[in-house]
Amino acid sequence: TQLLEQSPQFLSIQEGENLTVYCNSSSVFSSLQWYRQEPGEGPVLLVTVVTGGEVKKLKRLTFQFGDARKDSSLHITAAQPGDTGLYLCAGEGEETSGSRLTFGEGTQLTVNP
Amino acid sequence: DVKVTQSSRYLVKRTGEKVFLECVQDMDHENMFWYRQDPGLGLRLIYFSYDVKMKEKGDIPEGYSVSREKKERFSLILESASTNQTSMYLCASSLMGRKAFGSGTQLSVL
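So the sequence lines, in the order shown, correspond to chains H and S. Oh and the first sequence: position 108 is 108 in the working numbering, straight run, nothing missing. Oh and the second sequence: position 70 is 70 in the working numbering, straight run, nothing missing.
Only chain H is shown next, with the shape it has when bound in the complex (with noise of 0.2 angstroms):
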């Protein structure tokens, strides 16, 4: 079974800060992906990334996927109160097929105004 560890688990931090959320694996995988999901709702996709030493920008948010394809990292900078919620990195494994993918445990970012 392919692990995925995501640090921190909780992170609280005031408005205007900048952040960093890592996903690692000792797996490689053929894609990783981030998702926000807010209290009541589903996990909703935010990026995907394929090539290892991939960077996208969503505005705010920068993600990158190591060269190896083991880790990834959720840059946010300047935090706002919108952005709190569940973070939660899912890679899908070189092995697997259809869009199977492992969930790392979250991250709970809390960004107070």
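If you are wondering where the hints come from, they were derived from the structure by calculation, not from laboratory data. Backbone N, C-alpha and C fix where the C-beta goes; we use that ideal spot for every residue, glycine too. Among these hints, one or two may not hold up.
If you only want the chain S side, here are some residues facing chain H, beta carbon under 8 angstroms, derived [stated by the list, open to error]:
1. Phe20
2. Gly40
3. Leu41
4. Gly42
5. Leu43
6. Leu45
7. Phe48
8. Gly63
9. Lys71
10. Arg73
11. Leu90
12. Gly104
Guided by the hints, dock chain S onto chain H, whose structure is given.
Leaving out everything else, chain S in the frame of chain H:
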């Protein structure tokens, strides 16, 4: 946008009851999934299906079964609910790697 609809947002059942969780998607996706989500454990895959009448076990299938009689509908069945099945259940469908989730069903088994 894909819409994945789960029939109930909240359910309270008693130990030993048979429980049905229903999920419907409106985008003709072939792949459908059932996960449970527990604090500190992330999402764990229970069962998935690549086609009508086809099902495969995920990582934690024990105590669950599924049914996919029509492409748009994927049902999760708890034959005899137990307290350790209290959880948030999430249904998802996907096509070409893009996955969409329902809003979840919070099931409490007393």
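Each hint, compared with the structure:
Using the Cβ-Cβ criterion of 8 angstroms, the hint placing S:Phe20 at the interface with chain H is not satisfied: the shortest such distance is roughly 19 angstroms. Annotation: S:Gly40 was flagged as interfacial toward chain H, and the flag holds, the nearest CB pair being 6 angstroms apart, inside 8 angstroms. Hint status for S:Leu41 relative to chain H: holds, with the closest Cβ pair at about 6 angstroms, below 8 angstroms. Look at S:Gly42: its Cβ gets to within about 4 angstroms of chain H, closer than 8 angstroms, so that hint holds up.
A cut of 8 angstroms between beta carbons decides the hint on S:Leu43: the least distance to chain H is about 4 angstroms, and the hint holds. Using the Cβ-Cβ criterion of 8 angstroms, the hint placing S:Leu45 at the interface with chain H is satisfied: the shortest such distance is roughly 7 angstroms. Contact between S:Phe48 and chain H, as hinted, is supported at the beta carbon level, the nearest pair being about 6 angstroms apart and thus within 8 angstroms. The interface hint given for S:Gly63 is broken, as the beta carbon of that residue sits about 19 angstroms from the closest beta carbon of chain H, more than 8 angstroms.
Of the supplied interface hints, the one on S:Lys71 is violated, with its beta-carbon coming no nearer than about 15 angstroms to a beta-carbon of chain H, more than 8 angstroms. For S:Arg73, the shortest C-beta to C-beta distance to chain H is roughly 17 angstroms, which exceeds 8 angstroms, and the interface hint is violated. For the restraint placing S:Leu90 at the interface with chain H, the shortest Cβ-Cβ distance is roughly 5 angstroms, inside the 8 angstroms limit, so the hint holds. A least Cβ separation of about 5 angstroms between S:Gly104 and chain H falls short of the 8 angstroms threshold, and the interface hint therefore holds.
The structure shown violates the earlier hints numbered 1, 8, 9, 10.
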